[in-house]
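Please work from the sequences and hints to get the whole structure.
Here the protein sequences line up with chains E and C, keeping their order. Each residue of the first sequence is one higher than the last, beginning at 1130 in this note's numbering. Each residue of the second sequence is one higher than the last, beginning at 1130 in this note's numbering.
If you are wondering where the hints come from, they were derived from the structure by calculation, not from laboratory data. Predicted model only: the values in this text are computed from it and were never measured. Please note that a few of the clues may not be correct.
If chains are identical, the list can't say which one is meant, so a pair holds when it fits in one copy or spans any two.
[Said to hold, decoys possible] DSBU-like cross-link-like pairs, simulated, lysine-lysine; straight-line CA separation at most 30 angstroms: (1) LYS1418 to LYS1205; (2) LYS1418 to LYS1204; (3) LYS1439 to LYS1290; (4) LYS1236 to LYS1489; (5) LYS1205 to LYS1439; (6) LYS1204 to LYS1439.
Letter by letter, the chains look like this.
2 protein chains.
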Amino acid sequence: MPFQFNLKKQDMGTSARLGEMVTPHGIVHTPAFMPVGTQGTVKSMLPEEIRNCGAEIILSNTYHLYLRPGHETVKKLGGLHKFMHWPGPILTDSGGFQVYSLGALRKITPDGVMFRSHIDGSRHFLTPQQAIEIQEALGADIMMCLDECTPYPATPSQTEKSLNLTAKWAQQCKNAKTNSEQALFGIVQGGSYLDLRQQSLDQIAPLNFDGYALGGVSVGEPKDIMYKITESITPLLPGHKPRYLMGVGTPEDIVFAVSCGIDMFDCVIPTRCARHGLLFTNSENVVIKNARWREDNNPIDENCDCYTCKNYSRAYLRHLYFAGEILAMVLNTIHNIRHYMRLMEDIRTAISENRLGEFKKSFNK
Amino acid sequence: MPFQFNLKKQDMGTSARLGEMVTPHGIVHTPAFMPVGTQGTVKSMLPEEIRNCGAEIILSNTYHLYLRPGHETVKKLGGLHKFMHWPGPILTDSGGFQVYSLGALRKITPDGVMFRSHIDGSRHFLTPQQAIEIQEALGADIMMCLDECTPYPATPSQTEKSLNLTAKWAQQCKNAKTNSEQALFGIVQGGSYLDLRQQSLDQIAPLNFDGYALGGVSVGEPKDIMYKITESITPLLPGHKPRYLMGVGTPEDIVFAVSCGIDMFDCVIPTRCARHGLLFTNSENVVIKNARWREDNNPIDENCDCYTCKNYSRAYLRHLYFAGEILAMVLNTIHNIRHYMRLMEDIRTAISENRLGEFKKSFNK
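Shown next as structure tokens:
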């Protein structure tokens, strides 16, 4: 069944909306957060644990899987879902952002990106066509166009050159796509300039993608610029398609962006922070190595229903952290992912009850 | 309810036996293998996963928990079972072997062991009385006497001196014990000398412990010596009490020792090998980093019913291993522990059907 997006409800006081994406591997209720599974695993979590936390879709990284174990290997083994034992929907990025992050190890040309592997230094050339070929081989439910992520800061002329390349590649990606079961999202660039964001949008929107992403945000720009771009551009993205704010963000960022009309998010914050012992709660976040938890028999968050909070004390988690135990990362990650999923559930409930604006106010601590 | 050991059946052709230990936290069917949870966690496993693998009892290390987070902290937090969320039986060692392993960092005196912490270099003195106090604070179902582990090689006179100290400490441990709910096992030393093993046994057996262990095995001696000691001394240990071969071993070692009448085992082999990518099967063991598994879609062991074998390919496990993913250690450990638990189930079935001797023969690959 081809990809569908059903808009279910609009919040009364904000631009927030409730929807559902129908994919070959199941339904995703939006606004949705996608835990990041870079190398074919959401770090330290079993797929059943991800699902039990409430996640309906995960993100995986084309760049990493292309280099190791190789997309053709994954395809031979039955595709990414089978390979990693995750039966639900998967969105793959295009590899563009990862390559962008390589800095000096990559060079952008009109036809694609030349880069060196972070693993073995081998040379590779990633074209828009190949980005699609890889994502088709992986079997992603949602694929992303190859784009050039404009850095911050960038001059208007650099930014314009970059968004034009992104538009050219978007068309090439669309042309390269062969599988009607897999959705393809376009990406709007334009850096920190509202007029250039509009220009990028005017180029990408007519290509009639299955969804639209705001790219090149959260790349080092001040938060007020990110918020301004999100607030100004999101309402201009096609309303009957899902809208995805790439690489965002903190709980506060997510609530803000939802109020602007964003439907999808991904970010390494909950998983990475967990591994470093920063645990989210609705009040003060918990730095688990803090000495004050040494004999604290309470869970991380007494209002949390996650497996970790139901069964373990802060004192035990602190002990595991200092002992360098793998279980520390497992239990911390379960908590942070569940925290993010509870946030998304709370957001969806708030929208369904027309009180997202109120929810957002209560959130600005 | 105080500790009980019920001998259920003797194998017809060997000295192997079936039994059950009744402890305050549940029943343990013997012969039993105890996964090692050194720092209050069986590395990388959730307690539910340990249980799902079939484990009925785990071992935890007094030395590590005494140093971090401290036995008094564990006691304040409700004891080790609650602390680590493991509701089943726990055996704690005395700390003696861990201190022995510190080498130059420890000094043995007639009253106990002086040692320096491997964490911060702080000085500690562990007496027999304190070993019991710590294990009582942790709330172990089965405690072990403080012993001096005789190194290999050792002269007869060194060995005799050492076993005499072990006997003195055994009496002191017994005297120090205050909680009738917790069982206490004595340890027979005597190194590689059968006559000195007999001498140690003659000192320890009359103290009427709840069970008896062979200590100071698998400390570097040739395997034929270990087998000879096990074969010669095990039948002399009191028959109505559980018999525990400490720190052993490979599957082959376990089958051999069971045939001699041993009921209990612990060893880091399954967990440590798992973390290094060595996976057990009933035929050839799998070195997961081997290039031949690159595109192998089979499970580690097609006859294994573990979560890992039911859901993941060798190719995926190889990928996770090379990617340095935490999930590699989680999935590998689940498999190896389940493999050991299936071994113990097979052993118990073989004894119940009077064919342990046959089983042992089929096992010598």
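Alpha-carbon proximity between LYS1418 and LYS1205, which holds within one copy, between copies, both or neither at 30 angstroms: So LYS1418 and LYS1205 pass the 30 angstroms test across copies only (19 angstroms; inside, 44 angstroms).
Copy assignment of LYS1236 with LYS1489, given that the CA separation must stay at most 30 angstroms: Neither way: LYS1236 and LYS1489 sit 41 angstroms apart in one copy and 63 angstroms across, limit 30 angstroms.
Identical-chain pair category, LYS1418 with LYS1204, by Cα at 30 angstroms: Classified as between; 20 angstroms across copies, 42 angstroms inside a copy.
At 30 angstroms max between alpha carbons, let me know whether LYS1205 reaches LYS1439 within a copy, between copies, both or neither. between (41 angstroms within a copy, 19 angstroms between copies)
I want to check one pair: LYS1439 and LYS1290. Are their C-alpha atoms no more than 30 angstroms apart within a copy, between two copies, both, or neither? neither (52 angstroms within a copy, 51 angstroms between copies)
Is it within a copy, between copies, both, or neither that the alpha carbon of LYS1204 lies no farther than 30 angstroms from that of LYS1439? between (39 angstroms within a copy, 20 angstroms between copies)
This entry does not satisfy hints 3, 4, going by the numbered hints stated previously.
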